[in-house]
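Participant: If you want the building blocks of each chain, they are given just below.
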Amino acid sequence: MTYLPKPKLHHPGLQHNALGFTRRDYEGAISTLCAGCGHDSISAAIVRACFELDLPPHRIAKLSGIGCSSKTPTYFLGASHGFNSVHGRMPSVLTGANLANRDLIYLGVSGDGDSASIGIGQFAHAMRRGVNMVYIVENNGVYGLTKGQFSATSDKGATSKRGVVNSDEAIDMVGMALQLGATFVARSFSGDKGQLVPLIEAALRHEGAAFIDCISPCVAFNNHEGSTKSYDFVREHNEAVNYLDLIEGRPPITVDYAPGTVEVVQQHDGTWLRLRKLADDYDVHDRVAAMDHLQRRHAEGEIVTGLLYVDPDPRDLHHHMNTIATPLNALDDAALIPGAAALEKLNAGLR
Amino acid sequence: MSQALIDASPDSVRGLQRVNDFVVKFANVNGSGSASANTLFGNAILRMGVPVAPRNIFPSNIQGLPTWYEVRVSEAGHLGARGGVDLMVAMNPQTWDQDVKSIEPGGYLFYDSTKPLPDSKFRPDIVRLGMPLTELTNRAYSDSRQRQLFKNIVYVGALSALLDIDPQVIVSLFSEQFRGKDALIAPNVAALHMGRDYALAHLPCPIGLTVHRADAVGDRISIDGNAAAALGAVYGGATVAAWYPITPSSSLAEAFIRYCHRFRVDKATGQHRFAIVQAEDELASIGMVIGAAWNGARAFTATSGPGISLMQEFFGLAYFAEIPAVIFDVQRAGPSTGMPTRTQQCDILACAYASHGDTKHVLLFPEDPAECFEMGAQAFDLADRLQTPVFVMLDLDIGMNERLCRPFVWDDARRMDRGKVMTAAELEAGKDFGRYLDVDGDGIPYRTYPGTHPTRGAYFTRGTSKDRYARYTEEGDAYADNMERLLRKHATARTLVPHPVAHPAAVPTRRGVIYYGSTSPAMTEADALLAEQDLPVDLLRVRGFPFHDDVAHFIAQHDQVFVVEQNRDGQLRTLLITELEIDPAKLVRITHFDGTPITARFIAGAIAKAATARTATP
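Chain order of the listed sequences is A and B.
First residue of the first sequence? That's 1 in our numbering, and the numbers climb one at a time after it.
First residue of the second sequence? That's 1001 in our numbering, and the numbers climb one at a time after it.
Please keep in mind that the hints were generated in silico from the structure rather than gathered at the bench.
Idealized CB from N, CA, C, for every residue including glycine.
Incorrect hints may have been included.
Stated by the list, open to error - The calculated label-pair distances, taken between Cβ atoms and stated as ranges, are: (1) B:E1532 - A:N322: 38 to 48 Å; (2) A:D232 - B:V1265: 52 to 62 Å; (3) B:T1423 - A:R315: 53 to 63 Å.
To be verified - Below, a list of computed lysine to any residue pairs in the SDA-like style, where the Cα atoms sit at most 20 Å apart: (4) B:K1360 - B:R1462; (5) A:K345 - B:Y1259; (6) B:K1420 - A:T323; (7) B:K1267 - A:D172; (8) B:K1121 - B:E1104.
Work the whole structure out from these sequences, hints included.
Facilitator: Following this line, the structure appears as structure tokens:
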């Protein structure tokens, strides 16, 4: 029950970050989702990413729509302002919030029903505007809260728990985000913390529209045989294009022990992404190649995960709009109101 | 040049004789360039010190369909639509028959006589003023575009002679209009004189309708309500606007863009102190407004009825989550594909009770551009103070037509009222923060902007399912407690919205009239007509919802109250009955809903009929 506060008993040995916070300071209320829900793993990954990046929790605004995924912002970052908005409309609310104060970090959490079905229009337009945000879709291919109906990301041919076969084509939100101009596009799996946490960290550092499609099996309605979003199915069909580390502000000095090639990418804010490449031919800066790769692997029945595309020098909506550096919500009367003299001049022109 | 003689009126017709008090209507084809010539005509009369009320009656079309421009000339200052036409400038063959029919007996018909028309196309009781416009312009100009555009100026020239308008006034308007493009002045002046000279030589100038110089305009300004409301939003401190194009509200958003570029660009950096998004639809527009307002910016959208329908779910969220938002609803006849370019006051109930669940919203009813400006600015203070959506209810008639009104004023000492916002210092000092806690007894809680304090004041925003401290709960008592507080807040709103304005009759009467918004000028004029008929009425103009106590008192003081509205169902009347628990039999519905602006003649006629009926049927 989320109205019961989680006891804040910190173990004295808990690690503190640069701000003096422990990981517990980034947690929220106790989850009311089903035991084993992939969404809880994603919440844990968000907690961990924010802790590791030393982000002040109150400088993050977390917004969501409606559904199981959209309930999760209650379960992480309890010291952040949160907004559980309207079904499928989180992107517009987040866009407005971002316009009001460009200095906060915006974390949008949504689901496949919320973003690919009812909210696909708002998803698309937020991406093409380049809103500076992290947009995570907790994708389980099913409507959990209304008990098991197919969503728009359910694969064609997948069966529901009741045995109904989905005959509609699935929407691949990664493919859409690439096409729509998102400047950071990734996919991960809730069961793969090693891949997911650094992806969220990199997305949080990205100064543009960052999208992560996170496959998150629904233990209640979509973890059975015949489901293409179950733990087993995803583990068997996962093709990771790369693994990621994020290093703050300075080039890595660590020695890389992982097999395969390593690529270091500097983001706009000065942080470094270190990509441990698993697929030899994968170029993280080639949008067209990313779309091609995605389609080809999909045809082979594989789910591509990892960082599929990143623009190292993204431009966001405020850049396009030439907005003043001061957050709009901090402008005072003097900055906003032209005054009586200007009005008198205006009157004169209307006679 | 013989056509004028062929089409001459029967000698027996004596034309109307009026000075500074008549209606001229131009029938044109949309996209023919007539709008600027017609505006020029209206402005010329205005410059002679005589008030005019121009109205565009236009189709949902860019080119080809009929369009009309009506200019009411009234030294007495009547700015409402009057009904009837004294001089018809019939430039559109498609609408000839209906245009001729609409002329008052003894009225005048100005038309293009290049092609002779049979006598059956005219009426015996009107004065014909034929002029071979096409022939004249074809002879003078070789380019077809010039022929079309200058034809409009030629008829303005002819009208100046017919109505005795000082041509020098029009010439000086050309100089102002074409400042910086001086080469255009001479050809326009030439076209003006071509029309004028022809009329003076061949037509009975001046006719019985004439303009005499007066001093009846004063310091008033002329502007459309949409632009005035947009300016109000600038002065109200709005920084975020999200909108989706829809007639008749688009020009409000576009005016805001214009004024922001004029007043809100940082001189040093060229950067913008505003953010305007043309959204993908109305749902996204209101979503952005709510997101921005939640985050402490002043934000608004402009829309019309169909947009109001689409935004319903979000209005409910904003009401329950207590987020300030300003919505300019420029009303038009419904539904979506109905009559988007015709005026009505038909969204009153849709806005007052917008969304699912128990909701009541704050509405403001401006009567003219001056109030569009004032309420446009005030709406942001009210929204912040009350932490709720505020609807400014314009309509096409005031939104899209230029209207004379008192000049805009602003007090430089005035400051934005951001309402109850808890600061970092207050949180740091340990002040108790409950997002939905009624600490002052007015139903209005404190809020915090995201990012205010590192450890205090954060809360989770959701519709309901919350207690006074914004903690999740589905307890019925907590829900009811919150709903009761929202009612207390609504009662507070009653004292804050603009108060109604009373115009008592000269003599005591038990009859009252309630009206609002763009009905105002027609009602004021109807008031005089009713007094002449020995039917004095007390007037009360409602300016806000929830209703101020004065509204209930006014109804209580009268035996019979006429509620004048521009919709079919008497929507404000319904709201009065429901919210003030009034006996429906006491409130008589006077409704006008054909999409044209309500007229004084209609109001006076309908009230006289209802008042003299033995029993008034509600």
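Participant: All hints are to be evaluated individually against the structure, with a verdict given for each.
Facilitator: Here is how each hint holds up against the structure:
1. A hinted range of 38 to 48 Å for the beta carbons of E1532 of chain B and N322 of chain A is inconsistent with their spacing of about 59 Å.
2. Between D232 of chain A and V1265 of chain B the beta carbons are some 58 Å apart, a value that agrees with the proposed interval 52 to 62 Å.
3. Our hint of 53 to 63 Å for T1423 of chain B and R315 of chain A is violated, since their Cβ atoms are close to 34 Å apart.
4. At most 20 Å may separate the alpha-carbon atoms for a hinted pair to count; K1360 of chain B and R1462 of chain B meet this at roughly 18 Å.
5. For the given pair, K345 of chain A sits about 13 Å from Y1259 of chain B by alpha-carbon distance, which is consistent with the 20 Å threshold.
6. Taking the CA atoms of K1420 of chain B and T323 of chain A, the gap is about 27 Å. The hint is violated against a cut of 20 Å.
7. Taking the CA atoms of K1267 of chain B and D172 of chain A, the gap is about 46 Å. The hint is violated against a cut of 20 Å.
8. Of the supplied pair hints, the one linking K1121 of chain B and E1104 of chain B holds, its CA atoms being roughly 16 Å apart against a limit of 20 Å.
In this structure, the earlier hints numbered 1, 3, 6, 7 are contradicted, and the remaining ones agree with it.
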